[in-house]
Amino acid sequence: MQGQFFSSAATEPSAKQFTGAEILVEALKNEDVELIFGYPGGAVLNIYDALYDAGIPHFLARHEQGMIHAAEGYARVTGKAGVVIATSGPGATNLITGLTDAMSDSLPLVVITGQVGTNVMGLDAFQEAPIFSMTMPITKYNYQIRSTEELPSVIREAFQIATSGRPGPVLIDLPKDLTANKAPFYYAERVPSLAEKQKEMTDLTQLDALVAAIKKAQKPVILAGAGVLHAKASAELIQFAERTGIPVINSLLGMGGMHPDHPLFLGMGGMHGTVASNMAFYHNDLLINIGARFSDRLTGNTAHFARNATVAHIDIDPAEIGKVIPTHIGIVADAKEALTKLLAEPLEKGDLSEWYAFLREQKEEYPLWYEKDDNVLKPQQVIEMINELTNGEATITTDVGQHQMWAAQFYQFRRPNRWVTSGGLGTMGFGFPAAIGAQLANRDELVVAIVGDAGFQMTLQELAMLTDYQLPIKIVIINNQALGMVRQWQEIFYSSRFSQSLIPNQPDYVKLAESYGIKGYRIHNVQEAYATLQEAFALDGPALIDCRVNPMENVYPMVAPGKGAHEMEGTKPPLRGVKTS
Amino acid sequence: MKQTLVLIVNDIAGVLNRITGLFLRRGYNIDSITVGKSEQEHRSRMTIVLDVESEAHAAQVIKQLNKQIDVLKVIDLTGIPAVARELAMIRVQSSLQTRGEINHIIQPFRATITDVGMESITLEVTGSSEKIDALVELLRSFGILELARTGITTFAREIDVQHTNDKKIHSVK
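Same order as they appear, the protein sequences are chains A and B. Count along the first sequence from 1, then add 534; that gives the number in my numbering. Count along the second sequence from 1, then add 2; that gives the number in my numbering.
Heads up, a few of these hints could be off.
Derived DEER-like restraints, expressed as beta-carbon distance ranges [said to hold, decoys possible]: (1) A:Ile1026 to B:Lys75: 45 to 53 Å; (2) B:Glu132 to A:Lys716: 23 to 31 Å; (3) A:Glu560 to B:Arg45: 26 to 34 Å; (4) B:Gly38 to A:Leu579: 39 to 47 Å; (5) B:Thr22 to A:Ser887: 31 to 39 Å.
Hints were generated in silico from the structure; no laboratory data involved. Everything numeric in this text was worked out from a predicted model, so none of it was measured. We put the CB at the ideal spot given by N, CA and C, even for glycine.
In isolation and in its complexed conformation, chain A is listed as follows (with noise of 0.2 Å):
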């Protein structure tokens, strides 16, 4: 296989042999690889002898689920590959909600899975999975090694497939008996280049029509999605926004691309987004995505969706636009690189005084809200808290579910790329370990790890790797005692008819942090939140706060399924002509 990358004009090999096992820890030095997320077995002893005096730092976890969501928060707040390592069968499989969240969120990853020796590969070998086959349409690219001599061609090209264009993950799989065989060390001539097809994918053709719509349009507002964030073009945005004074909606995973505070800033669209920004969806006449993906979460009911509008759709995938939704004008480029030449274009501000006191009275009329109760911990509070008490600065992971929305909706994200959340996924268990993959990113800033109850249980054997690495990540739970989100569309949806939702038998997280040497505390009501959490933030170690909410709070508001972005429910007051199901 891959018997292309290796042309005539191959660099001259060395004469010097190696191991594959060495060939591939060199071949990772190459790719600048800061740090590896891994856990060893069988089928990567060899690797694993190579790396014991590499001096790659390597971060053992305490299940393949968590390394891998650790690497994703490596690279959503990085932006370079998160290495994994593990072995073959279970190792690997337990890799593949990983690796499917990472596509869905377009996070970049190299992946490396031990396989059984070639001799016994498809016999069902102890330890065999086939990983190859089952990870095709859930990894950007994956590779089967066939020969020692490829590996440092293939790592070179996994990196520049993972990080470039639309990020995504790899994965490589390599039978043990090639990383015991001996090769020469060379890189191979490739052809083509990646950097090349992606260059040939880039359609810059309607930045004219997209110039033309602004100026006539009167009702224009821009959807930014986390392309931005990967392109790192929020300042491009926000100056894109403020020359053209077009408003602007964060999706989900686009939140910290605009500045929270800047007026022409509408806040989150979607199912429990702002009320301002599904108006503007349903009213605009001209609407520019940047880097979403018309999520059915953020849309609501297509029918409803921009349903005047010209819409105009800005991806460095070109999947991606007209995909979902119908695009008049079709831009296929790095948002940084299409805002970029945008303002160098004579853009002019229209006439939009009646668009913006229309949304201004939305966004005075229905704000977010939610009741204050001196009796009770509302899970909306504690993220005011934590927001208050980091300034909107910390970086912020969550799983998926009711925490995760209370999180968009009231923390205030003032830098980008600090945002790390399962969105297209909405994987449980994805928080806490991409808290460590972000806190080793970054060692000195402050990382928020809020989760729900449920979505903790799932992975929170990688306590341990808070005390291997001295890392001091604040885990936050939000404990409602159930899998809130599921409650509370049984209780809206299925007469609350509580199936399977409410768990009431909870370890005791205090005593459980304790066990692993992390300070624990549990909070109980208002009166005791600010000053624990304030205590919790300043140590200097990690911190386990058990926050006792109330288990009956519900996330408004919402866009129930079916309805349009219009229709949503919950606001109050309720929205005017909306009946509520």
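With the hints as your guide, set chain B onto chain A.
Showing chain B alone in chain A's frame:
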């Protein structure tokens, strides 16, 4: 609607799996698929006929294919003048009495007899899918014992295929 695509892909293990897996995700049924070496070294040529719901779906398929690392070129030949050929082998029930009649029927189709037995004859025919459909229909009354069709392989007629390709990929309306 039927969509005819020609793909130039890297000739390495697993590529066919990647392509068919992609169709599987959206539940598209493959009418026919042919794979073989192309004029370039390390490149295979695939001809795929797909049954897709609409033109928008067809455009999406092309974009997804184009995204694949191992896909170097996608040419959409749907509705474009092209030479399409398929080979079929047909084993027809035939006694000595009906053999002459069958011979007459197959002549205009330029089918040839490749094997003769006591109870049956085997025919080989090359041509457009429509031509093969027509022959199969005619032979049905004799009793078709076995039918094997290769699926089409196709060339565009003197057009700038690269240009056609680009236009189809970036048309987003």
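Status of the hints after comparison with the structure:
{"no.": "1", "hint": "A:Ile1026 to B:Lys75: 45 to 53 Å", "verdict": "holds, 50 Å"}
{"no.": "2", "hint": "B:Glu132 to A:Lys716: 23 to 31 Å", "verdict": "violated, 59 Å"}
{"no.": "3", "hint": "A:Glu560 to B:Arg45: 26 to 34 Å", "verdict": "holds, 31 Å"}
{"no.": "4", "hint": "B:Gly38 to A:Leu579: 39 to 47 Å", "verdict": "holds, 42 Å"}
{"no.": "5", "hint": "B:Thr22 to A:Ser887: 31 to 39 Å", "verdict": "violated, 55 Å"}
Violation of the numbered hints given earlier is confined to hints 2, 5; the remaining hints are satisfied by the structure.
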